[in-house]
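> First to last, the protein sequences are chains Z and B.
Each residue of the first sequence is one higher than the one before, starting from 1 at the first, in UniProt numbering.
Each residue of the second sequence is one higher than the one before, starting from 1 at the first, in UniProt numbering.
Don't take every hint at face value.
Note: identical chains are not told apart, hence a pair may lie in one copy or across any two.
[To be verified] Calculated lysine to any residue pairs in the SDA-like style (CA-CA distance at most 25 Å, straight line): (1) K92 to P149; (2) K97 to V344; (3) K92 to R236; (4) K162 to D234; (5) K97 to L12; (6) K97 to G239; (7) K92 to H257; (8) K92 to D66; (9) K162 to G13; (10) K97 to S238; (11) K317 to D64.
FYI, nobody ran anything at the bench for these hints, they're computed from the structure.
There are 2 protein chains.
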Amino acid sequence: MQPSEESLSVNLGERSYPILIQDGALGNADLTPWVSGNRVLIVTNETVGPLYMDQARACFPGCDIDEIQLPDGERYKNWETLNRIFDTLLEKHHTRKTTLVALGGGVIGDITGFAAATYQRGVDFIQIPTTLLAQVDASVGGKTGINHPLGKNMIGAFHQPKVVVIDPLTLNSLPPAELSAGMAEVIKYGLIRDADFLAWLEEHMDRLMALQAEDLKVAIRRSCECKAAIVAEDERESGVRALLNLGHTFGHAIETHTGYSEWLHGEAVAAGMMMATDLSERLGYLNYNDSTRVRQLLIRARLPVNPPEGMTPVHFKALMQVDKKNLTGELRLVLLKELGDAVVTSGFDDEALEATLDYFCHPLD
Amino acid sequence: MQPSEESLSVNLGERSYPILIQDGALGNADLTPWVSGNRVLIVTNETVGPLYMDQARACFPGCDIDEIQLPDGERYKNWETLNRIFDTLLEKHHTRKTTLVALGGGVIGDITGFAAATYQRGVDFIQIPTTLLAQVDASVGGKTGINHPLGKNMIGAFHQPKVVVIDPLTLNSLPPAELSAGMAEVIKYGLIRDADFLAWLEEHMDRLMALQAEDLKVAIRRSCECKAAIVAEDERESGVRALLNLGHTFGHAIETHTGYSEWLHGEAVAAGMMMATDLSERLGYLNYNDSTRVRQLLIRARLPVNPPEGMTPVHFKALMQVDKKNLTGELRLVLLKELGDAVVTSGFDDEALEATLDYFCHPLD
Chain Z
1 MQPSEESLSV
11 NLGERSYPIL
21 IQDGALGNAD
31 LTPWVSGNRV
41 LIVTNETVGP
51 LYMDQARACF
61 PGCDIDEIQL
71 PDGERYKNWE
81 TLNRIFDTLL
91 EKHHTRKTTL
101 VALGGGVIGD
111 ITGFAAATYQ
121 RGVDFIQIPT
131 TLLAQVDASV
141 GGKTGINHPL
151 GKNMIGAFHQ
161 PKVVVIDPLT
171 LNSLPPAELS
181 AGMAEVIKYG
191 LIRDADFLAW
201 LEEHMDRLMA
211 LQAEDLKVAI
221 RRSCECKAAI
231 VAEDERESGV
241 RALLNLGHTF
251 GHAIETHTGY
261 SEWLHGEAVA
271 AGMMMATDLS
281 ERLGYLNYND
291 STRVRQLLIR
301 ARLPVNPPEG
311 MTPVHFKALM
321 QVDKKNLTGE
331 LRLVLLKELG
341 DAVVTSGFDD
351 EALEATLDYF
361 CHPLD
Chain B
1 MQPSEESLSV
11 NLGERSYPIL
21 IQDGALGNAD
31 LTPWVSGNRV
41 LIVTNETVGP
51 LYMDQARACF
61 PGCDIDEIQL
71 PDGERYKNWE
81 TLNRIFDTLL
91 EKHHTRKTTL
101 VALGGGVIGD
111 ITGFAAATYQ
121 RGVDFIQIPT
131 TLLAQVDASV
141 GGKTGINHPL
151 GKNMIGAFHQ
161 PKVVVIDPLT
171 LNSLPPAELS
181 AGMAEVIKYG
191 LIRDADFLAW
201 LEEHMDRLMA
211 LQAEDLKVAI
221 RRSCECKAAI
231 VAEDERESGV
241 RALLNLGHTF
251 GHAIETHTGY
261 SEWLHGEAVA
271 AGMMMATDLS
281 ERLGYLNYND
291 STRVRQLLIR
301 ARLPVNPPEG
311 MTPVHFKALM
321 QVDKKNLTGE
331 LRLVLLKELG
341 DAVVTSGFDD
351 EALEATLDYF
361 CHPLD
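One chain only, chain Z, in its complex shape (with noise of 0.2 Å):
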């Protein structure tokens, strides 16, 4: 499969890559251009294996191909996980002109791309993301990581792919939870950068959770373009970056809360979305009318809106303090000025911030 009006390119100078958007790309795309031996490890979950490895083996013909399962979720995105990559790479020789694939989602995605980073200090990898979460989010940046016990992705590497796959067909294998959980991060884009495609989204949200094919592929590529945009602007996040992590600190306490087990990371991002927004109408950015459409885009696609029960604000801020957004001690944050347009803010009214806390905190009282 050659690039054409399917794909799109992350240009980042000498670590461009394209990504590939096609119904039928796994089982049907050549992908040994994007190989630079002919040795490939694909590393997969036990639940996307058994559904696409065939497919995915059948991306790379005439390579020597070798596979690992592990197992499935966010709670085994951690070094022993990773290790077990490393194990099998070195029991079967792979040099440093392997190539290893990714076929999963986020976590996939994460701990393949950090092993390629770091194993014999960096080889070739290629993302072929199933989930729409890592197909909006993960497939365009090069962030690649594991948990640490304090903390969610505080070991990783920038790692940029050499090819990204997306088969929106594989979203038909998808459990709703993860769907709504990727459509979070879609809404995010819309929030932070596009107000016409939030717009569309508001319009379109109920064929995009029925899984109508041609709006998915809309959708995936303008998030896709929106995270382009901004990574090419600033690949190492020193900038404009960080307003991709709208709702994500908020998230992230709540993922680190529940240990990474209990909350789908984009069912986190959504909460902390929601949290965010309302910290935004309470300094004076957004109004009642833009909060509401918020929280309502988010309920129809089956989102939460609320932490989890339980959680006080005392958790929140003692979580929040470790967050890798939180550069110099001070507590920053990724705040809405309005909708489609998201700024990174500190030095903010900490009464505010109590008060979005109270609320979320205590919806019942």
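Given the coordinates of chain Z, assemble chain B onto it according to the supplied hints.
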């Protein structure tokens, strides 16, 4: 301390950095110009910490300094030890603006550099190498990493320091075996690139081994210049940088076989260089006189010129297969075309390698 005639520069574009070489730098140099935030974590080991931690702290006036002492030895260059650094960084809420300082030998430099490369996807670091080996080898080139049970340095990253500070006075506290181990790398630069330096070393080896300060500074500086020139040509080790691995393929096999605990890296490299020299002679590149010069110089530096007893050709061949210099599955070795001129070779006569392995593995037969 400003860059002066006591410093040289490693030229890597925007990742360029200075190497300061100065008696008494530890305790007297002001390194705050290379600290971008105001927080520092000094990583050292139980041997070096009691000797130099106070002087190291004095190099960061006005900074908020944390410290961690790791166990001493190559066998601790593993994930568990690395994780202790991450634990400390997270427990003390270090952000992306922190600076890691490696105070110690090559193990501390490699593991601290890798922690810096991967903590929150990359933070700054500074190297203060306190062994001759680290001063002439690890201080230039940005290689960082840890060992895996199946191979040395198999997990790592390229990550350049902001500055390297070499205080030759630290060599006064160095165990004699470690002085010798460092001298192996010094000799290596003469062998692979600089016949004049090799001749200078033959003249000055006894003075160097007696820790004559001015001669040591010349040797350190010339070694760093050699390595810096090679690294500037080839930062990511795709070409000429491979020459730095003279003796390392044999040497890594020795280190892996002995579990990274009995032999110092430089000792293994010394025996490995002697094996590479022998193979070079068998292939007709060197003559008997050349080999004898190498052997004599290594012996005067009190270095081993044979692998450990009990190691067999089968051991070597099994362990050399997973060496990371082995790019395509075909064995590639650095050999000497003549003294002062190295070459990466593959497709050489297998029988010559067999003869070298047999000769060194049965030295008493």
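> With reference to the structure, classify each hint as holding or not holding.
Status of each hint after checking the structure:
Taking the shortest Cα distances, K92 and P149 sit within 25 Å of each other only across copies (14 Å), while inside one copy they are farther apart (30 Å). Taking CA atoms no more than 25 Å apart as the test, K97 paired with V344 passes between copies only; the shortest distance there is 17 Å, against 40 Å inside one copy. Proximity of K92 and R236 under a CA criterion of 25 Å is satisfied inter-copy only: 24 Å between copies versus 33 Å inside one chain copy. In this assembly of identical chains, K162 and D234 lie within 25 Å of each other by CA distance both inside one copy and across copies; the values are 19 Å within and 21 Å between.
Taking the shortest alpha-carbon separations for K97 and L12, both the intra-copy value of 22 Å and the inter-copy value of 24 Å come in at or below 25 Å. In this assembly of identical chains, the alpha carbons of K97 and G239 lie at most 25 Å apart only when taken from different copies (14 Å versus 34 Å within one copy). In this assembly of identical chains, the alpha carbons of K92 and H257 lie at most 25 Å apart only when taken from different copies (19 Å versus 38 Å within one copy). Proximity of K92 to D66 under the C-alpha cut-off of 25 Å is restricted to the intra-copy arrangement: shortest distance 8 Å within a copy versus 41 Å between copies.
Taking the closest pair of Cα atoms, K162 and G13 come within 25 Å of each other both inside a single copy (13 Å) and across two copies (24 Å). In this homomeric assembly, K97 and S238 come within 25 Å of each other (Cα to Cα) only across copies, at 11 Å, whereas the closest approach inside a single copy is 31 Å. Taking the closest pair of Cα atoms, K317 and D64 come within 25 Å of each other only across two copies (23 Å); inside a single copy the shortest separation is 50 Å, beyond that limit.
Checked against the numbered hints above, the structure violates none of them.
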